[in-house]
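Q: Read off the chains here:
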Amino acid sequence: MNGSGVSGFARIGPALPLGLAYLAFFVAPLFMLLAVSFFADDRLTVVGLDNWRKFLFDAFHWKVVADTLLLGLKAVFATVLLGLPLALVWRGASPFWQRVLLFVAVMPLLTSVVVRTFAWIVILGREGVVNQLVLGLGLSPEPLRLLQTEFGLVVSLTQIEMPLLLLPLLSVMARFDPNLLDASASLGASPWRTLFRVVVPLVAPGLAAGALLVFASATTAFISQSVIGGGRLVYLPALVWQQAMINANWPFAAVVAIVLLVSVSAVIAVIAYAGRVAGGHAHGTAA
Amino acid sequence: MSFTIGRRAALMGAAALGVARPALAAGSVTAAIYPGAWEEAFREHVAPVLKRQHGIDLEMQGLFAVDQVAKFAASRGAPPFDCFVLDPGPRITAIERGQFERFDANRLANKAQLPDGMADEWGVATGAQVVGIAYNPKKLPRPTGWDDLLKDPWVSKLGLTGFGTTFGTVSLIELAKAFGGSETNVEPVFTELKKVLGKIAAVGAPAAMPGLFQQGQCDIMYTNTQTVTTLKDRGVDIEFVAPRTGAVSFITTLHIAKGSPAVDNAYKYIDAAISQPVQKALSEAPYFFVPVNKGVALNASLPMRSLDEMSRFVTHDWAKINPLRAGWIDRFNREMAK
Chain X
1 MNGSGVSGFA
11 RIGPALPLGL
21 AYLAFFVAPL
31 FMLLAVSFFA
41 DDRLTVVGLD
51 NWRKFLFDAF
61 HWKVVADTLL
71 LGLKAVFATV
81 LLGLPLALVW
91 RGASPFWQRV
101 LLFVAVMPLL
111 TSVVVRTFAW
121 IVILGREGVV
131 NQLVLGLGLS
141 PEPLRLLQTE
151 FGLVVSLTQI
161 EMPLLLLPLL
171 SVMARFDPNL
181 LDASASLGAS
191 PWRTLFRVVV
201 PLVAPGLAAG
211 ALLVFASATT
221 AFISQSVIGG
231 GRLVYLPALV
241 WQQAMINANW
251 PFAAVVAIVL
261 LVSVSAVIAV
271 IAYAGRVAGG
281 HAHGTAA
Chain H
1 MSFTIGRRAA
11 LMGAAALGVA
21 RPALAAGSVT
31 AAIYPGAWEE
41 AFREHVAPVL
51 KRQHGIDLEM
61 QGLFAVDQVA
71 KFAASRGAPP
81 FDCFVLDPGP
91 RITAIERGQF
101 ERFDANRLAN
111 KAQLPDGMAD
121 EWGVATGAQV
131 VGIAYNPKKL
141 PRPTGWDDLL
151 KDPWVSKLGL
161 TGFGTTFGTV
171 SLIELAKAFG
181 GSETNVEPVF
191 TELKKVLGKI
201 AAVGAPAAMP
211 GLFQQGQCDI
221 MYTNTQTVTT
231 LKDRGVDIEF
241 VAPRTGAVSF
251 ITTLHIAKGS
261 PAVDNAYKYI
271 DAAISQPVQK
281 ALSEAPYFFV
291 PVNKGVALNA
301 SLPMRSLDEM
311 SRFVTHDWAK
321 INPLRAGWID
331 RFNREMAK
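Residue numbers (my numbering), protein chains in the order written: chain X, 1 to 287; chain H, 1 to 338.
I should point out that these hints are in silico values taken from the structure, not numbers from a laboratory.
Ideal Cβ placement from N, Cα and C applies to all residues, glycine included.
It is possible that part of the hints are untrue.
[To be verified] Partial chain X-side listing against chain H, Cβ under 8 angstroms, derived: (1) Gly125; (2) Glu127; (3) Val234.
[Stated by the list, open to error] With beta-carbon atoms standing in for the labels, derived distance ranges: (4) X:Gly138 x H:Asp116: 55 to 65 angstroms; (5) X:Leu109 x H:Asp308: 20 to 30 angstroms; (6) X:Ser265 x H:Gly295: 19 to 29 angstroms; (7) X:Val270 x H:Lys51: 30 to 40 angstroms; (8) X:Ala40 x H:Pro48: 44 to 54 angstroms; (9) H:Pro137 x X:Leu30: 44 to 54 angstroms; (10) H:Lys199 x X:Gly138: 34 to 44 angstroms.
[As the list claims (entries may be wrong)] Derived pair list, reagent style BS3-like, types lysine-lysine, alpha-carbon separation capped at 27 angstroms: (11) H:Lys280 x X:Lys63; (12) H:Lys111 x X:Lys63; (13) H:Lys194 x X:Lys54; (14) H:Lys195 x H:Lys177; (15) H:Lys111 x H:Lys280.
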């Protein structure tokens with residue numbers, strides 16, 4: 001289709017309903033959020049930077065920001081570590097097994113995140129499946145502490161967020177030309193060299209898209225963070241909830257929400273950029 | 001004044017991007033209600049009674065306490081609902097902000113059925129919470145007081161929650177009292193918790209506590225009788241203990257919103273909610289609310305035989321707690337954070 005003869009409206013017309021809804025229900029509230037953050041008191045009567053000051057000049061809050069972003073990065077690392085091999089297996093499988101694997105990968109999305117989170121209590125709990133196995137095999141004299149640790153949280157987030165990595169990754173994998181692997185092998189590259197020099201760069205855009213979905217979802221996973229992580233692991237979403245819903249301090253909640261939005265967006269921008277660079281590099285060499 | 005308009009617009013939008021309230025039908029009342037169990041319980045048991053006896057339709061808006069106060073504040077002059085349902089803390093905030101109509105309990109046909117102290121000039125109780133210690137009798141000896149929570153063998157099986165809920169706040173206040181603190185001084189809790197923090201089994205989100213208990217992650221916690229009865233009903237080994245200093249009680253109250261155009265209907269709604277058949281239904285499975293009607297037999301697991309005994313339970317002054325609570329919540333985050 002040649003777009004040059006079509007008027008501007010016809011080109012953006014189809015996107016208009018969604019665009020307007022986005023303006024009304026996302027962009028406008030975002031500006032309201034920003035406005036609320038510049039009130040100094042919880043009844044929104046005095047304008048001031050007090051709540052920004054309260055957040056920015058407190059090391060505890062910065063630790064919470066760092067912990068939140070690190071949690072996201074750990075979840076991305078773990079999902080990629082487990083998801084990439086699975087995607088490679090999927091690529092080499094027969095159409096029947098591809099369908100089966102795809103179904104298994106997407107299945108978690110069909111249950112609510114609340115259900116998936118509570119299921120992890122049953123798995124990681126003191127008397128849970130894992131600990132029964134550990135005790136049964138005599139690997140430890142007493143139950144391991146898995147719930148309410150960052151490790152347990154990352155493990156459960158890896159499962160909970162895995163579909164978000166796999167879906168974009170598999171769609172890129174599906175378009176992958178298998179001849180490239182043979183070409184790489186015939187030119188003398190080892191399987192590992194092929195993986196890192198051919199496969200990874202080619203699937204980089206899908207990997208990056210999946211990674212940023214996982215990152216955004218893991219850093220804002222309020223339910224999983226509070227239920228699996230517990231009260232001793234403090235992340236930004238829990239702070240927003242406490243300030244907005246319990247303390248009724250909307251300006252401070254707005255500050256925390258904006259910090260969450262900005263810091264998560266910043267990391268996402270880096271991931272997206274890395275994906276583009278890696279992808280561009282691959283296309284450059286493959287061309 | 002552009003400033004006022006801007007502020008109001010911001011408030012309105014932030015509080016309620018929801019749909020505007022529909023024009024009031026002749027026979028209807030709009031009640032704010034806690035989402036979840038409360039909403040289900042009232043839909044199942046209060047709405048049909050109101051319709052049958054008075055031909056009034058009950059519209060419900062699922063809102064937490066803080067949301068109700070905020071949403072009302074955002075819609076000056078045109079209350080978004082006719083009735084509030086609130087816990088003691090937000091109730092005080094709403095009174096301070098002038099959000100209630102004066103309440104006349106004499107307009108309730110069921111007034112005589114209410115235990116003492118359940119109605120005042122601002123509203124009336126619709127349910128009570130009794131808070132104490134819950135433990136697993138198969139795994140732990142019976143604790144006798146709040147201080148036992150931080151001693152062996154209980155402390156290594158203890159599940160804690162912070163000041164985020166009413167029951168959590170009053171429990172931590174009682175724990176503070178056991179170590180020399182008071183209603184306005186919870187410092188001893190932080191000092192004592194610090195000593196045993198490494199031993200504590202779980203510091204959980206309030207909503208996660210029943211699940212953690214059920215899975216054996218913790219075998220002792222502070223909670224309300226409703227949670228204990230619900231878990232027991234599912235076959236969990238759990239017993240409620242009133243600490244030797246007394247169980248804590250507080251009430252959840254109904255109030256009429258200032259400027260409500262349906263005050264008569266609001267009274268009828270409140271009257272239905274406290275009536276014997278409704279209170280009896282709400283006190284049974286799966287809700288297990290603590291009733292506020294003398295005509296309802298109490299569940300065997302409750303630490304009292306009659307509702308009048310509740311007047312001897314420990315209560316708290318939320319006018320004093322409210323201003324301190326945000327600081328306590330913040331402090332709890334910092335002290336507990338790894």
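Q: It remains to establish, for every hint, whether it holds in the given structure.
A: Each hint tested on the structure:
no.: 1; hint: Gly125; result: holds (4 angstroms)
no.: 2; hint: Glu127; result: holds (4 angstroms)
no.: 3; hint: Val234; result: holds (5 angstroms)
no.: 4; hint: X:Gly138 x H:Asp116: 55 to 65 angstroms; result: holds (60 angstroms)
no.: 5; hint: X:Leu109 x H:Asp308: 20 to 30 angstroms; result: violated (53 angstroms)
no.: 6; hint: X:Ser265 x H:Gly295: 19 to 29 angstroms; result: violated (58 angstroms)
no.: 7; hint: X:Val270 x H:Lys51: 30 to 40 angstroms; result: violated (58 angstroms)
no.: 8; hint: X:Ala40 x H:Pro48: 44 to 54 angstroms; result: holds (48 angstroms)
no.: 9; hint: H:Pro137 x X:Leu30: 44 to 54 angstroms; result: holds (52 angstroms)
no.: 10; hint: H:Lys199 x X:Gly138: 34 to 44 angstroms; result: violated (25 angstroms)
no.: 11; hint: H:Lys280 x X:Lys63; result: violated (50 angstroms)
no.: 12; hint: H:Lys111 x X:Lys63; result: violated (54 angstroms)
no.: 13; hint: H:Lys194 x X:Lys54; result: holds (25 angstroms)
no.: 14; hint: H:Lys195 x H:Lys177; result: holds (17 angstroms)
no.: 15; hint: H:Lys111 x H:Lys280; result: holds (16 angstroms)
Figure legend: structure checked against the earlier numbered hints; hints not met, in rising order: 5, 6, 7, 10, 11 and 12.
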